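Residue numbers (this note's numbering), protein chains in the order written: chain A, 1 to 446; chain B, 1 to 446; chain C, 1 to 486; chain D, 1 to 486.
Calculated from the structure, these hints are not laboratory results. Since we're looking at a predicted model, the values are computed, not measured. Hints are not guaranteed to be accurate.
To be verified - The list that follows gives simulated cross-link-like pairs (lysine to aspartate or glutamate, EDC-like), each with its CA atoms no further than 16 Å apart:
(1) C:LYS30 <-> A:GLU151
(2) B:LYS305 <-> D:ASP473
(3) A:LYS305 <-> C:ASP473
So you can see what is in the structure, the chains are spelled out below.
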Amino acid sequence: MSRYTSATDADRREMLGRIGAASVDELFEEIPESVRLGRPLDLPAGMAEHEVADHLSRLAARNRHADEEVTFLGAGMYDHYVPALIDSIITRSEFLTPYTPYQPEISQGGLQVMFEFQTAISELTGLPVANASVYEGPSAVAAAGYMAKLETRRGRIVVSRGVHPHSRESLVTHARGYGMEVVEVPLDERGATDLAAVAAAVDDDTACVVLQQPNFLGTVEDLGPLVEAGKATGALAVCAADPIPLGILRPPGDFGVDICVGEGQSLGNRLDFGGPSFGFFAARQEFIRRMPGRIAGETTDVDGKRGFVLTLQTREQHIRREKATHNICTAQALNALAGTVYLAWLGRRGIVELATLMLRRTHYAREALGLEPINPGPVAREFAVRVPDLEDFMERAREAGINPGYRLGRDYPEYADGLLVAITERRTREQIDALAALCVRERVTA
Amino acid sequence: MSRYTSATDADRREMLGRIGAASVDELFEEIPESVRLGRPLDLPAGMAEHEVADHLSRLAARNRHADEEVTFLGAGMYDHYVPALIDSIITRSEFLTPYTPYQPEISQGGLQVMFEFQTAISELTGLPVANASVYEGPSAVAAAGYMAKLETRRGRIVVSRGVHPHSRESLVTHARGYGMEVVEVPLDERGATDLAAVAAAVDDDTACVVLQQPNFLGTVEDLGPLVEAGKATGALAVCAADPIPLGILRPPGDFGVDICVGEGQSLGNRLDFGGPSFGFFAARQEFIRRMPGRIAGETTDVDGKRGFVLTLQTREQHIRREKATHNICTAQALNALAGTVYLAWLGRRGIVELATLMLRRTHYAREALGLEPINPGPVAREFAVRVPDLEDFMERAREAGINPGYRLGRDYPEYADGLLVAITERRTREQIDALAALCVRERVTA
Amino acid sequence: MTQTVYELSVEGRRAFTPPATDVPEVPVEKLLPADAIRREPPALPEISEPEIVRHYNGLSKKNFDLDSGFYPLGSCTMKHNPKLHERVAALPGFSRLHPLQEPCYAQGALDLMWCLQGALAEIAGLPHVSLQPSAGSHGELAGLLLTRAYHEDRGESRHRVLTPDTAHGTNPATVTMAGYEVVKVGTAEDGGVDLDDLRAEASDDVACLMLTNPNTLGLFDRNIEEIARIVHEVGATLYYDGANLNAIMGRARPGDMGFDIVHFNLHKTFTQPHGGGGPGAGPIAVSDRMEPFLPRPQVVRDEDGRFDLDMDRPRSIGKMRGFQGNFGVFVRSYAYIRSLGAEGLKEASETAVLNANYLKALLADPGIAEYLPVAYDRTCMHEFVLSGRGARDKLGIKTLDIAKRLLDHEVHPPTVYFPLLVEEALMIEPTETEPKERLDGFADAIRSILEEAAEDPEIARNAPYSTPVRRLDEAGAAKRPVVRQP
Amino acid sequence: MTQTVYELSVEGRRAFTPPATDVPEVPVEKLLPADAIRREPPALPEISEPEIVRHYNGLSKKNFDLDSGFYPLGSCTMKHNPKLHERVAALPGFSRLHPLQEPCYAQGALDLMWCLQGALAEIAGLPHVSLQPSAGSHGELAGLLLTRAYHEDRGESRHRVLTPDTAHGTNPATVTMAGYEVVKVGTAEDGGVDLDDLRAEASDDVACLMLTNPNTLGLFDRNIEEIARIVHEVGATLYYDGANLNAIMGRARPGDMGFDIVHFNLHKTFTQPHGGGGPGAGPIAVSDRMEPFLPRPQVVRDEDGRFDLDMDRPRSIGKMRGFQGNFGVFVRSYAYIRSLGAEGLKEASETAVLNANYLKALLADPGIAEYLPVAYDRTCMHEFVLSGRGARDKLGIKTLDIAKRLLDHEVHPPTVYFPLLVEEALMIEPTETEPKERLDGFADAIRSILEEAAEDPEIARNAPYSTPVRRLDEAGAAKRPVVRQP
Ligand SMILES: Cc1ncc(COP(=O)(O)O)c(C=O)c1O
Ligand SMILES: Cc1ncc(COP(=O)(O)O)c(C=O)c1O
C-alpha cells in the first residue's frame, strides 16, 4: 500500500460492501474492454523515500549551479539573494497547499496577499490596476497583445527588437492563434529602439507597440518619445519592465504606457532552471474590466468586517467561458507571495539602495572590462560588449570558475561576438575585477 | 539600525520622552563607571544577510559530510534518513519558537506532543513512565545515577565497560559532583559484560548498576542474568538502550530494569556534528515523583474538555529549588518532537521492518568483511573487528570514498587495532560489499 | 481589525541591510538621464523582519489548507502533496541553476526532464511530450496552436472547435484565444457526449474536439472510440483535457482512446502543491503526426546519452514562454512518479475511484439523496456530481448555503455550480489520500446540515459563523473595485 | 474532541516504505538468542503521511508562538529568531556531519566553534570558553564542578554555595546536584545583594557565590565590585548566570565585574529558537585560573591555523556529555553574532533596555500602578517586576487571573510568581525586537483588564475564554497522573 493512501484491506472490503461491488475492478467496467491498458505501466518500480531523495540528489549533483561558479548570466533571470524569511513563509502548508480561493471566508490570507501584491506592482509600474499574477515574463507580453486586440479591435503589433527574444517569439506564437500580425522594429547603432522606425511602423491597424525597459541589451530606453510615437495612431503602449531597476527608474506609467508587464523571478524567487516564477500585469484604470486573470478586491462582510474577494470574475473563463478576457486559470500565487514578501523585506528605501548599488556596479563593470560596448548609452543592471575571441574567452572564464554572461549571437546574429553581462548584489567588485582581469588579453587585440 | 529591531529615531525620542531620560546612555548610568566597557566590542562588523549566508556556506563546504562519503561511523550517532515531513513540521513557527509551556491553555500543541513522546518511549523501553526529554544520551546516564542516589541513599555506581565511553565519563564527571564512587566492570573475551565481575562488584552501598543494550561494541547483552546479579544487593538496574533495535529486542523493562535511558539522535534527528538531539528517560511507576525534567499529564479543563499540563512540577527546580530531583530547565522539546513524528512515521510495523533489515545487513556485513571479530556474539546494528593494519586500511578506505568506522583504540587500549562498524537503512549491500573488497588484503594477513 | 502590510509600515523601519558599497558612489544623476530617474521611491512598506513574519504567519492562519482537513474540490484533485518534494526541489543543483546555463553543465536537469517526458508519454499512451506549457489552460492553447499548424501544414483552414457543454470554462476560453469559434456539443442521457449532436456538428470546418474523459460529471464516456472515429473521419484532432487523469492511471490511456493531444495538470494528478492558485505546469503529449509542431526547445538525447535543448525545429509553433518551463514543478512530479512507480500510480487511481464511489454511496442514503440526488446514477470515476435542487425546493437552502455551512464543519466545500448542466451542482472529488473516516465525516456533516435546515433554513442561509470573516459583499466589490492600497 | 496520534492509528496503515531487502532474509531467530527477541512490536501508531502531517499541523495551531505576537516572558528573552539561522543550520556541511568525523575533515565546523568561542569570550570579558554544556543549568553545573576541582586542586574542601533569594530555581537545584549546601543571601532595599548578609555568610567554607547581574528583579547591582571583593577575599569563585546578558552587551562585561565563570543561554541572548522547551546551549567562559579544569575536548588551533579537538586535558573535570555539544545551536548563534557585529549587539541591548523602561513608564500610569505597583522604583535594565498585590487587595483578582485574561488579548503573559521575593510578581521582559506599538498595545490590554475587573472581577477569575482549552485541572493531573496513552 503506497505511503500516501490510507485504504487498508479492511477499509476496501467495507467500502466495496457499501458500494455493492465485488471488487475494485468492477468499478472500472465503465471503461470499454478495448481501451483498457491490460498491462502494468512500463515505469521503474516505486522506491522508499530515502532512495528517491538519493536519486534526486545524484541528478542535482550533475548540474553546475550558481553557488559553484560566479555567474554574470542574466537575460531575463538573475542571481539575486532570496532572503530566508521567504522560505519559512512559502513552505507553510497554509500558503503552499490551498487551491485558488473560491471560498473567500476561509481564504482571507491568500486573498489579502493578492491585494498587497497588486499594490506593490502598481507602485513599481506607476499604473493603478494590477492583477494577482500571470505565468511569467514572455507569456505576459503575449497576454498584453491579446488585451490590445480586444481593446482596439485592430490587427497589428509593433514590437521592438530590444524586447527579450523569448517574449518576441511567445508573442508571435500566441498572435498566430489570436490572429494578429507582429512587426519588428530594429535597434539603432547605440543598442536602443530606433525611434524613427517606430514612428514609421505604426499605422491605423496597429493595436499596440511593445517596448522593454531596460531593453534586452540593458539599455535604459528613452521611453517618452518612443511611447508618444507608438501611440500616435491610437495603438496602446505596452512596456515589459525589470522590477528592481524600477526602484530608481521613472515608472512606465509616468510616460503614458497603457500596459506594463514583466518577469518577477528577481523578486525573491529561485532561478529553478527557468521556472516557476511569476509574471506581473498592470494597466490603466479604464482597462480594469479587460484584464486577464485573478484580481482581488477589498470589501466588507455582513458584520462590516474588512475582507477581500476575487472580483470582476465576469472577465474570467469560469464565468464568461468563450467570452473570457484570457483562458488563464491556475496562475503563480505562491511565487507572487514570495515577490510580495521580498518587496516588503526590501522596502521603500531598500529597493532604491539595491537598484542604486546595481547601477553603480554595472557602470563600474563596463569600465573595468574595457571592451567595446554594443550599447554605450545608460544601463541599469546589464550591458552588452563585443568580445573579439568569444569562444576562447568563455573557455578561460570557465576555467577561472566564472560564467561571464550570455552569448548574444544565439538570438542576435548582428552581435555574433556579443556578450551580455548581468549584475546583482551578489556580484561583488572583487568578482567583477576577476572578470575584468580575463579581458586584458581581449582588450589588447580590440 | 539592525534589521531585527523596530525602534526608529522618532520612536526612541518618544520613548525617552515618556521615560523622562535625555538619552539611552542615561539608562545605563546604573552601571558603575568602573565596570563600563567604554569601547566597542572587538568583533567583526555586522554583515548583510546574503554575506552571512555565503560565509556560513564557505565554512560548511570545509567539512566532509555524510552525503560526501559512505560512512560506517556510528558509536552513538547514526546516519539514518530523516523523513522530509519532519522538516516541514519542526520548522513551523508554532513548534520552533514558543518557550517551555508555562501557560497550558495556549500550549496544548506542545503539551500533547510531550504526552505522545512519553507514550512512544514507554512502548520502546517497556517501562510505564517516561519524561518529556533530557539533554542527550551520555548525560541521561549521569541523571540516572543521580536518581539512584536519591532513591537508595547509597554511594557507589557499578558501570559496565560496555557502556559508551562518553556516558561512562559523563557519569564520573557528574558523580564527582553528587558525591558517588564509580566502579567499572570489564567485558569478557566475547565483548559482552562480564557477569561474574558484576556479581562481584555490587555490594550494600551500590546505588545502581549501569548496562547498555546493545553495548558499545554492538553486542546484544544477555540482560536477564546481568540485571539479576546487579539487583542482588538492592541496587537499581539502569540500562542505556539504542531505540531502533528495540523494535525487535526485548525491552529492558521486561528484564526488571528500573531506569532505561538513551540517545534519541537516530529517531529523526540530524547528525549535526554531535547535537542538538535528545535523551530519553523512562522508569518504573514507583519512581515517577523522583524523575528529572518535564512530564506532561492528561487532564480536563473547566468545561470537561480534554487537555494536557506539565504535571508533578513539585519535582522540578522552578518549584522545589534546592530540593528538585534535577536542575534541568530547558531540555530538547523540538528534537523530541522530531523523534515523536519519526516514530509515528516508522510506525508499529515499520520499526520492526527497519530493525530487522539492520539486523540482517549487520550480520551480512560481518561475514562479508571476513575479519576477526572482537565480539563474535549476537549483534543488532554494529560490530567490532580487528583490522591488522588499521592505519593503512583507513587510508585506502578514504581514497575509495568510504569512512569505514570508529577506531576503538581511542577509548579501548585493549582493542588498539579494533574498528567499530555501524549499519543503517542507508548502508546498502553494494556499499557493504565495497567495504568488504577493501578487507581482502587484510584478510590474507589475518 | 486586519491591517495590510502597508498600514503596518512606519517610516525608518527596515528588514533589508544593503551590502557595503564596494564601488565608487557615483551620483545616480551622472549615470542616468534626468528624464529616466524616478522622483519618488515606490511606496513599498518599511517594516522589520520580525513584523513581516508575524504579518504573513497571521495571514496564513486565516487559510483553510490541504494539511488542515478534507478538501473535496471537484476537478481539482486535492490529493496530498508529499513533503519529500519540497526538500528535493530546494536542492541547489536544481533551485540555483540558471535557465541559460550551457546544457553540458545542466545534464542532471535535462536528464530529469527527459525521464519525466518518458513517464508522461507512457502514462498518456502518446509518444512525444513537451514540458513547456505553464498550466492546463496554457497546454490547451498549445494543443490548439498545434492543431492550427497541423491543418495549415496540410493546406487546410478550419474555423470551429467542438467542446461538450460540460467542458471546463478554460476550454471555450482557449478556443476563442486560439482564434477558433466555439461550438457546443450536447450531453446524452447517460452523461456522455450526445453522438447524434456530435455527428451533426462534425464537418471539415471543425479543427478539433476537446474532451475530458472521465468527463466533468465524473463519468467515463463509453463511446469514446466512436467519438474518436467521427472526429478523425472529418480530419479533426481529438484533444484530451487531462484534469481528470487521476481516475485512470494504469487502467486506461488517452492515446489508446484515439486522442492526438493530451495536457497534464502536474499540480492536480502529479502533486505539485496548488500554492493558493499556482504554480502549476501543463505539459502536453502528442501523437507522431503532431510531433513536428511541438514548441521549442525540446529536450533530446544523443546516442552517447548526452542531453541537449534542441531549438532547431523548423515546423515548431515556436516558444509559448521563456526558457524551458516550470522546472521546479517537474522535480516534484518526477519525485512522485519515482516514489510510487507503476504499481503505486495504479493503486492511487483505484483508491480515488473507490473513495468516490464509497462517498457517493454514503450520500445516496435516503435522508440525503432526497435533497441532494446524484446527477447521473452510474458508477462514477474519481468524482461525482449531486444536484442541490431537492434542498432548494424542499428545504429552501441553495447549494451556496450548503457550501457556506460546511465551512463551520471545518471541511472545504465541493466545487459548486459546475458543470452548468446540473442544477445547483455539487462536484465532489475525495482523491485517494483521504482515509475512510474523513469520507464518513463528510457524509455526516452533509446529513446534519440538511437535518438542521429542515428545522431552521436560516442557519445555513447566514452561514458561515466560525470563520475569520462571514459572507462578503462580492457585488459591492465589483461595483466600486478597490484593487490596491489607496 | 482532540485525539492523540495513537487514537488515530488504524491497523494496516503506514507512512514508511522499507527499502527492498538486498541481503539474505535470515530469520531473526537465527541471528538473536530467543530470550533477547521482543514478542510484541511496540504499540507505535499505524498512520499515513498525510494524516501525520494533518495531526501535527493541527496541534501546532493550538500553540501561541513568538511569530504570533508579543511574548514578554521575563528572564526568557523571547527575542526574534532570525529565519536565516534555520537555512544555514540545515546546510549539509553542518547537519550531515558525523560528530566523530576526523578533525581534518571537519575544519569548517571547528573553525566556527573556535570563532564563536572567541566572540563569547570578548562579550563576557573572560578569555577561555567551553561550548560543551547543553543548556544554562548544565552550564551552572559545569561551573560548580570547575569550582570544586579548583579548590580540591588547592587542597581545600568547601561545602557551601551562596545564592541570592531572587536567584532562578536552577541555581539552588544545581548547588545541591553539585554536592554543595545552599545558603541564601538576602536582598537589600534597593533590590541588590544585601552586603551585610553577604559579609555574614562569606567564609572559607564558601566555594562560590552565584549571581545574575542585572538580577531577576531587572536591576543592575551597583555594588558588584564590592561583592566580588568580599567573595574573592574568602577564596570563593564568583559565578555569573548569563540569562540576563541581553541587557548589557557592549555596555558591560561580567569578566570586568570580577566574575570567574559565566554561562551563556544561546537560546535566550543569541536567538537559538526555544523550540517549546529546547534545544538550547549553555557555553561557559572562565578566567585563567579556572581554565585547566574546563571539560574536554576543547577546540584548539595550531600555528598553521589547523583546528583540532584536544582531549589531552589532565586536570579537566572530564566530559559533561557526548561529543562536543549542540553544534547546530552554535551555527545559529554564530550567524547572529556575524549578522549584527559589535554595533548591532550593543544596539540590541540598548533597545531592550529602552523598551523595558518605556513599558515600565506606561505601566506606571496612575490607573495601573495603583493595582500593579513596580517592585523597585529604579531605572530597570532589560526587564522589570510589578507586584499584583494592589489588584489582589483592591480588585479581588490575583496575578494568575490577570495572566489568564491576557490570553484573550492574544499576547503571552509575563513570567508570574517569580522572583518569589515579590508578592504576586509579574516579571516583564519586552526585548529589543518588539515595535513600540506592541508595547503600547500591551499596556492598553493591562489597563482594560484592570478596568474590567473593577466592574466584574469574575470575568478575569474565569478567563481565558478564547483559547483551545480553558483553565485546566492541574491538581487532578498530579493526584492521578496519566502520563502516557493507556
Ligand atoms: C477540467 C479542467 N480543465 C482544465 C483546467 C485548467 O487547468 P489549469 O488551472 O491548470 O489552467 C481545470 C482547472 O481547474 C479543470 O478542472
Ligand atoms: C535567570 C535564569 N537562570 C538560569 C536559567 C536556566 O537556563 P536553561 O533553561 O537554559 O537551563 C533560566 C532559564 O529560564 C533563567 O531564566
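Taking the hints in turn, this is what the structure says about them:
1. C:LYS30 <-> A:GLU151: violated, 40 Å
2. B:LYS305 <-> D:ASP473: holds, 10 Å
3. A:LYS305 <-> C:ASP473: With Cα atoms ~10 Å apart, LYS305 (chain A) and ASP473 (chain C) stay inside 16 Å; holds.
In this structure, only the earlier hint numbered 1 is contradicted, and the remaining ones agree with it.
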